[in-house]
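2 protein chains.
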Amino acid sequence: MRRRSFVGSVIATAVLSGSAARAWAQGNALASWNDGPAKQSIVDFVTRTTTVGGPDWVPVPERIATFDNDGTLWTEKPFYFQLMFAMDRVKTMAASHPDWRTQEPFRSVLEGDHEKLAAQGEKALLEIVAATHAGATTEDFRKTVLRWMATARHPRFNRPYTELVYQPMIELLTYLRAHGYKTFIVSGGGVEFMRPWTEAIYGIPPEQVVGSSIVTKYEMLAPDKPVLTKEAKVEFVDDGPGKPAGINRFIGRRPVLAFGNSDGDQQMLEWTAAGEGPRFMGLVHHTDAAREYAYDRSSSVGRLDKAWDEAVRRKWLVVDMKSDWKVVYSFELK
Amino acid sequence: MRRRSFVGSVIATAVLSGSAARAWAQGNALASWNDGPAKQSIVDFVTRTTTVGGPDWVPVPERIATFDNDGTLWTEKPFYFQLMFAMDRVKTMAASHPDWRTQEPFRSVLEGDHEKLAAQGEKALLEIVAATHAGATTEDFRKTVLRWMATARHPRFNRPYTELVYQPMIELLTYLRAHGYKTFIVSGGGVEFMRPWTEAIYGIPPEQVVGSSIVTKYEMLAPDKPVLTKEAKVEFVDDGPGKPAGINRFIGRRPVLAFGNSDGDQQMLEWTAAGEGPRFMGLVHHTDAAREYAYDRSSSVGRLDKAWDEAVRRKWLVVDMKSDWKVVYSFELK
Chain G
0 MRRRSFVGSV
10 IATAVLSGSA
20 ARAWAQGNAL
30 ASWNDGPAKQ
40 SIVDFVTRTT
50 TVGGPDWVPV
60 PERIATFDND
70 GTLWTEKPFY
80 FQLMFAMDRV
90 KTMAASHPDW
100 RTQEPFRSVL
110 EGDHEKLAAQ
120 GEKALLEIVA
130 ATHAGATTED
140 FRKTVLRWMA
150 TARHPRFNRP
160 YTELVYQPMI
170 ELLTYLRAHG
180 YKTFIVSGGG
190 VEFMRPWTEA
200 IYGIPPEQVV
210 GSSIVTKYEM
220 LAPDKPVLTK
230 EAKVEFVDDG
240 PGKPAGINRF
250 IGRRPVLAFG
260 NSDGDQQMLE
270 WTAAGEGPRF
280 MGLVHHTDAA
290 REYAYDRSSS
300 VGRLDKAWDE
310 AVRRKWLVVD
320 MKSDWKVVYS
330 FELK
Chain P
0 MRRRSFVGSV
10 IATAVLSGSA
20 ARAWAQGNAL
30 ASWNDGPAKQ
40 SIVDFVTRTT
50 TVGGPDWVPV
60 PERIATFDND
70 GTLWTEKPFY
80 FQLMFAMDRV
90 KTMAASHPDW
100 RTQEPFRSVL
110 EGDHEKLAAQ
120 GEKALLEIVA
130 ATHAGATTED
140 FRKTVLRWMA
150 TARHPRFNRP
160 YTELVYQPMI
170 ELLTYLRAHG
180 YKTFIVSGGG
190 VEFMRPWTEA
200 IYGIPPEQVV
210 GSSIVTKYEM
220 LAPDKPVLTK
230 EAKVEFVDDG
240 PGKPAGINRF
250 IGRRPVLAFG
260 NSDGDQQMLE
270 WTAAGEGPRF
280 MGLVHHTDAA
290 REYAYDRSSS
300 VGRLDKAWDE
310 AVRRKWLVVD
320 MKSDWKVVYS
330 FELK
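Residue numbers (numbering that gives the first Met the number 0), protein chains in the order written: chain G, 0 to 333; chain P, 0 to 333.
Please note that the accuracy of each hint is not assured.
One copy or two, it doesn't matter: identical chains are merged, so the pair holds either way.
Here are the simulated lysine-lysine pairs, DSS-like style, with alpha carbons at most 30 Å apart [said to hold, decoys possible]:
#1 122 - 321
#2 325 - 142
#3 333 - 90
#4 333 - 216
#5 325 - 115
#6 314 - 224
#7 325 - 224
#8 38 - 90
#9 321 - 142
#10 115 - 224
#11 321 - 232
#12 90 - 325
#13 333 - 321
#14 333 - 224
#15 305 - 142
#16 333 - 122
#17 333 - 314
#18 122 - 314
#19 115 - 38
#20 224 - 305
#21 224 - 38
These are computed hints drawn from the structure, not numbers from a lab.
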């Protein structure tokens, strides 16, 4: 029953930010997009692929649209939000792990030294995620995620992380679904970190979330009381070439439309592009330091370099956040 | 374009056998079930969980129903049909593998010695599947599966394998979907062996098929022409305790209803039963040697032993194929 109340908090957040957004979007499905070539290319594609009898019509069951999450549907700075969550878990769990006070990378987390932490690279970050996620049952982990979503605040915006979703992308998801597209997340993030809240925030149910995972073990906690316990072992990394593999494994169909924002999305876009018939590939380019963040080729989180070059060469859409988006977050509308 | 014609053949088969079945089922959603406690318990459960305002009402997004495939939705004798497929592949590929003539388990396959093959155990069967599936791109494998489905015939019934699906279970799937349930396959079989035809035959789209998988590798066959190639390495075994893990990983919600037929389904049913609120667990018991096959505790394929005892103890439904099913296959209606 407690589970319901956590879910309730997250849903309440979504509904509050949603009401202003709905009023805004009334009569204009992509209200937060400025008129221009980016918006026009999306509308054109959706119109073409859903015009019955037209040369580019796509049958409804094949209308699969895949979206990266971090940096594509919500913000990914100063760190991926799953890492912000894991760092908060380190602080909560530190009392029973006295060795963490002197042991890296935990020491940097406890001292709040993000520079020093970042300098330790990807492996240190994975270590933090593994140490804080392993040992929990899937049900307990779900509750912990929902509790964090309901209480934690983003350091710059001082708002729940679930409010840092991009209003134009929410509108795009809704617009696609209204035209018979089935929307999926295909993210390098942990699948069990996303699923507790994606339905309330994005309208994407758990079974349409593809992500990285760690191994779970089936055990009997008591007679007739089975649990799945998370182990400290990576099962699948849904990033880079793992994204087409993840799409093939979980969805089993090739997307017609795919959106990402970094080099980790390049293979998903290539895989989408290689299908027969009409395809749409898009990248979000973070160009707006005032409203969100500005970064691309030299960023350690969410680097956009090779994928950008390929997008230019192959004429894929590159969304310029600063000029293409009228609104970034729905709270700007309040 | 060739792809369409293979799919076309399979769909045509389904539609032909479907028309008689539809006439039969008209005005009676579970026409192929004899009236009795089994049918009644299903109807009662679906009515209770879909009665708005009732104490057992389940919200639509949570109406998840999972079905084992081999022995639950279609026949699994004399061997799992994927193994029948793999054995046919051995014969086709033998010309370019002269060593198979003398090397087990391939020799037994080529000599048609099923007894000797079965005696070599599970590992030999896996070896045959691996040897015949690895190296293919996912797209080529899909075409090979569809071609086989359109041309191969079952040794006893002399019909396409896709006609050996259980009419009462097809009706159950349809009945559940008509009541807002989302139907999934959760099978120990290979996910890429099932997906090419499950939508046409069961009305279950590829993204709702959970199964075992082998590792795929993302490669560039030519510039801008990526492929996923199947490797000779098992990625995930969706059987026994792997079924709850697979449900958690692919679906991310606990089923409300689950159906299986063997000990490999026991953990899926336990996992389903452990959820809060109304749950329905069912097993198909193969008791009909005349119309299908009769086997349970001592069968090497599809053994039903421990799961049966647990079902009796916990009062789960055990369907008696001989007495509960008026019709097994839809071709009986022609």
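Verification of the hints:
{"no.": "1", "hint": "122 - 321", "verdict": "neither (33 Å within a copy, 58 Å between copies)"}
{"no.": "2", "hint": "325 - 142", "verdict": "neither (35 Å within a copy, 46 Å between copies)"}
{"no.": "3", "hint": "333 - 90", "verdict": "neither (33 Å within a copy, 69 Å between copies)"}
{"no.": "4", "hint": "333 - 216", "verdict": "neither (46 Å within a copy, 48 Å between copies)"}
{"no.": "5", "hint": "325 - 115", "verdict": "neither (36 Å within a copy, 71 Å between copies)"}
{"no.": "6", "hint": "314 - 224", "verdict": "between (54 Å within a copy, 16 Å between copies)"}
{"no.": "7", "hint": "325 - 224", "verdict": "neither (51 Å within a copy, 36 Å between copies)"}
{"no.": "8", "hint": "38 - 90", "verdict": "neither (43 Å within a copy, 54 Å between copies)"}
{"no.": "9", "hint": "321 - 142", "verdict": "neither (36 Å within a copy, 45 Å between copies)"}
{"no.": "10", "hint": "115 - 224", "verdict": "neither (43 Å within a copy, 41 Å between copies)"}
{"no.": "11", "hint": "321 - 232", "verdict": "neither (40 Å within a copy, 46 Å between copies)"}
{"no.": "12", "hint": "90 - 325", "verdict": "neither (38 Å within a copy, 62 Å between copies)"}
{"no.": "13", "hint": "333 - 321", "verdict": "within (20 Å within a copy, 65 Å between copies)"}
{"no.": "14", "hint": "333 - 224", "verdict": "neither (47 Å within a copy, 47 Å between copies)"}
{"no.": "15", "hint": "305 - 142", "verdict": "neither (38 Å within a copy, 33 Å between copies)"}
{"no.": "16", "hint": "333 - 122", "verdict": "neither (40 Å within a copy, 63 Å between copies)"}
{"no.": "17", "hint": "333 - 314", "verdict": "neither (36 Å within a copy, 55 Å between copies)"}
{"no.": "18", "hint": "122 - 314", "verdict": "neither (35 Å within a copy, 49 Å between copies)"}
{"no.": "19", "hint": "115 - 38", "verdict": "neither (41 Å within a copy, 64 Å between copies)"}
{"no.": "20", "hint": "224 - 305", "verdict": "between (49 Å within a copy, 17 Å between copies)"}
{"no.": "21", "hint": "224 - 38", "verdict": "between (51 Å within a copy, 28 Å between copies)"}
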